[in-house]
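Engineer: As a plain string of letters, each chain reads:
Number of protein chains: 2
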Amino acid sequence: MAQKPSIPKGTRDFGQQEMAERNYIFDTIRSVFRTYGYSQIETPAMENLSTLMGKYGEEGDKLLYRILNSGDAFAEVDFDKALAPQVCEKGLRYDLTVPFARFVVQHQNEIAFPFKRYQIQPVWRADRPQKGRYREFYQCDVDVIGSKSQINELELVQIVDKVFTLLDVNVIIKINNRKVLTGLAEICGHPDKVVDITVAIDKLDKIGLQAVKEEMMSKGLDEKSVGMLEPVLTLSGSNKEKIATMRSIMAGSETGMRGLDELEELFGFIESAGISSTVEIDLSLARGLNYYTGAIFEVKAADFQIGSICGGGRYDNLTGIFGLPDMSGVGVSFGADRIYDVLKGLDKFPAGLRSSTEILFANMGSDETAYIIPIAAALRGRGIAVEVYPDSCKLKKQFDYADRKAIPFLSICGGDEVAAGKVQLKNLNSGVQETFSKDDLDGIICFLKK
Amino acid sequence: MAQKPSIPKGTRDFGQQEMAERNYIFDTIRSVFRTYGYSQIETPAMENLSTLMGKYGEEGDKLLYRILNSGDAFAEVDFDKALAPQVCEKGLRYDLTVPFARFVVQHQNEIAFPFKRYQIQPVWRADRPQKGRYREFYQCDVDVIGSKSQINELELVQIVDKVFTLLDVNVIIKINNRKVLTGLAEICGHPDKVVDITVAIDKLDKIGLQAVKEEMMSKGLDEKSVGMLEPVLTLSGSNKEKIATMRSIMAGSETGMRGLDELEELFGFIESAGISSTVEIDLSLARGLNYYTGAIFEVKAADFQIGSICGGGRYDNLTGIFGLPDMSGVGVSFGADRIYDVLKGLDKFPAGLRSSTEILFANMGSDETAYIIPIAAALRGRGIAVEVYPDSCKLKKQFDYADRKAIPFLSICGGDEVAAGKVQLKNLNSGVQETFSKDDLDGIICFLKK
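Those protein sequences? They're chains A and B, same order as listed.
Positions in the first sequence are counted from 1; adding 318 to them yields the working numbering.
Positions in the second sequence are counted from 1; adding 318 to them yields the working numbering.
Hints are supplied without guarantee of correctness; some may be wrong.
[Claimed, not checked] For lysine-lysine, the following DSSO-like pairs were computed, each having C-alpha atoms within a straight-line distance of at most 30 Å:
id, chain 1, residue 1, chain 2, residue 2
1, B, Lys558, A, Lys756
2, B, Lys723, A, Lys466
3, A, Lys466, B, Lys744
4, A, Lys466, B, Lys712
5, A, Lys723, B, Lys466
6, B, Lys714, A, Lys466
7, A, Lys715, B, Lys466
8, A, Lys756, B, Lys466
9, B, Lys327, A, Lys373
10, B, Lys715, A, Lys466
11, B, Lys466, A, Lys712
12, B, Lys380, A, Lys380
13, B, Lys373, A, Lys327
Just so you know, the hints here were simulated from the structure itself, not pulled from any lab data.
As the structure is a computational prediction, the values presented were derived from the model and not from experiment.
Just chain A, with the same shape it has in the complex:
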């Protein structure tokens, strides 16, 4: 009996249409990365388990896909003994960050630092599949490592701004700084409560000032501390004004002041660069508090309800675990699947993406086909995407094919056209029809491009 074809849960096939749309997103992002001098790298889908294990927390270790040692090794395993190293020594890429760190350390002598790289590859997680969450999905990361300058943060903001301008999506770029959060925790005497404070700030819109204050107190902050934070909780005005307000209470924290210096420098750069998206300070951004050490970024679509579509930040010791300490880096990751949903939802994919084929020559028999072949070849030589319907069958079937593939032009060359050395062309959208000499490529192309 034939097998019923299926794919593993949480994975996807991408057909013609989706590939065209996904390539449009990736090509747009890539074109922007290029103008900033980022180089593409690719790493293997399989990494040594020793590279992956322990890098994503206990939960992450569970979500890693492990690959069985190949055939022979597997056959000889004594399954009563400890399994793991004997059975598995490789796992599938879980994200692009750990492989990037491994790459930087392994190739440190070939790399020019600061190293600006981007990477667009699939990753795998043994997560429970659900709407919008897959077991295989692409990540699209851009990072620069080996430089502490805020110029790098600026460039990432510029890249985000440019990508979404090109994709015609209005976004809000939110920026926080881990050092400022540390500073807030320090000035109220609770340097250990960074996360609690940030999480409480995040609830301000939902539960209001009084409830946030209460939540902070319930986490162990005293009234005086919470009072000190009040100007931050009610932070308003321009980004400059927000920084000034924070400065007024931050004097007690050296780290906090450095964070404000960073924010101030970055916003100065942003102003001189001329960004078209809204960029705003948002102290409630709690992304990656465990590993980000400076800037924290999050990007939201202004006109579409969905979570963050891009995010990242600065980290100070990504490569330490592989033996290369003190490498500061900063990067962001574009969420391809969510960006896809935003473009679908806002109907922002360009119209031309659906079909790559511009003209279909119908198949009217073997003599007519022999006549068409050199014409088709000449048009392809001029960059036109041409199909010759391979089989001589009913025209209805050939029309259907053009329709299903959304091919905009059809040419039917029968005996008369062959005898006269002509090419007949029809615009399937407008119905307009015209006949050209078979050597009049310019005329034909002009008609196709109208």
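Given chain A, work out where chain B should sit, using these hints.
Structural biologist: Showing chain B alone in chain A's frame:
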């Protein structure tokens, strides 16, 4: 202790330079596929083991990478019981053909047939790594399924011709036909000896006519049969003449005559299409004799010693195992790694591939950087790839960076330039230096493009 970073044997990292070179190959191939109306698809890296098992022979089953069921399932497995289905139900893609067949059957109602698809994705094999053989490598397949017309074979020949013309590599395209081989075996009364006969023909250049005849006899053919094959063994002349010679002895085999009809039709098409590569009939092509049913293709570089760099053929029942019988298809696969080696060996990669960055602005301090930021942004807006060195450090270090990344232009804007509103530019290859007004983007770009 820090882990020493490494990757699994047989896998590779691709850095900036290799990615640029590999993308050049893939982009070239893709651009040709596009003009023939082939659509890109992608399938998951993981397929159900039931999809993969038994499709690549016993050896293939051993070379499949199996993925352990995820974390929790693994923990509860009773390893004394039968292992396979409990521990593993997914495996890594082994080639692109089986996933393509699975895709066609699974999505048959969404697909417009004949279905022309291409697919460029990595595959994995638990093979012994050696020079030129990897455990992870890209395949680049183009197929059309659902049409028996020789127009499809023609298009694949045109595609191969165009790809290697664009890559500036002279190739010889060799064509065989399984039905002709069947015919040869039939006319000498040994329809079961197709492989033996083909393998013997393949040795003609090496061991000579007499030895080939002897080999055939040692495989059980009698002298009369071998005598009947002699005109084929000494086949010469143009492709047309070769076909005529074969026709003269093939009358006894209906299948053989059909094969010759196919070859004749295909070569007629090829002649009218105008192919610049050498295309020749080669009866010794023994590729895929187990599954190809019509045309067999193999492509060799004319000026570089390496195995076949592209190959394929027609198959008649690819999708049968998944429940969709009678779908004839034909396709070829480009060997990306070998093509890479050919281009390296013949020094055919374009000069401009090495660096994507066109100009580096040196970092002379924060005031100068603030001055540069909008200029860099404006140049990027015009499509120029620009880097601003992020850190204010010794010029020597910044020069080294430009050198290592092979950035052709450097701009050093110090206090004088800032005060005068100028941009100084240096061509690092020629040493030529020029100064422009900071608003003279046209002048700057013209200098960069010279």
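Engineer: Is it true that the CA of B/Lys380 sits at most 30 Å from the CA of A/Lys380?
Structural biologist: Holds, at roughly 26 Å.
Engineer: Are the Cα positions of B/Lys715 and A/Lys466 separated by 30 Å at most?
Structural biologist: At roughly 16 Å apart (the allowed maximum being 30 Å), A/Lys466 and B/Lys715 satisfy the hint.
Engineer: Would the pair B/Lys373 and A/Lys327 pass a check requiring their Cα atoms to be no farther apart than 30 Å?
Structural biologist: holds (21 Å)
Engineer: Holds or violated: B/Lys714 and A/Lys466, Cα atoms, limit 30 Å.
Structural biologist: Judged against 30 Å, a Cα distance of about 19 Å means the pair holds.
Engineer: Would you mind confirming whether the straight-line C-alpha gap from A/Lys756 to B/Lys466 stays at or under 30 Å?
Structural biologist: Within the cut-off at roughly 28 Å; holds.
Engineer: Does B/Lys466 sit within 30 Å of A/Lys723, going by the straight-line distance between their CA atoms?
Structural biologist: holds (20 Å)
Engineer: Are the Cα atoms of B/Lys558 and A/Lys756 separated by 30 Å or less?
Structural biologist: The hint holds at about 28 Å.
Engineer: B/Lys723 and A/Lys466: Cα distance at most 30 Å?
Structural biologist: holds (20 Å)
Engineer: Straight-line Cα separation of B/Lys327 and A/Lys373 no greater than 30 Å?
Structural biologist: holds (21 Å)
Engineer: Between A/Lys466 and B/Lys744, does the CA-CA distance stay at or below 30 Å?
Structural biologist: holds (27 Å)
Engineer: Run the distance test for A/Lys466 versus B/Lys712: straight-line Cα separation, threshold 30 Å.
Structural biologist: Holds - the C-alpha atoms of B/Lys712 and A/Lys466 are around 15 Å apart, at most 30 Å.
Engineer: A/Lys715 and B/Lys466: Cα distance at most 30 Å?
Structural biologist: Judged against 30 Å, a Cα distance of about 16 Å means the pair holds.
Of the numbered hints listed earlier, not one is contradicted by the structure.
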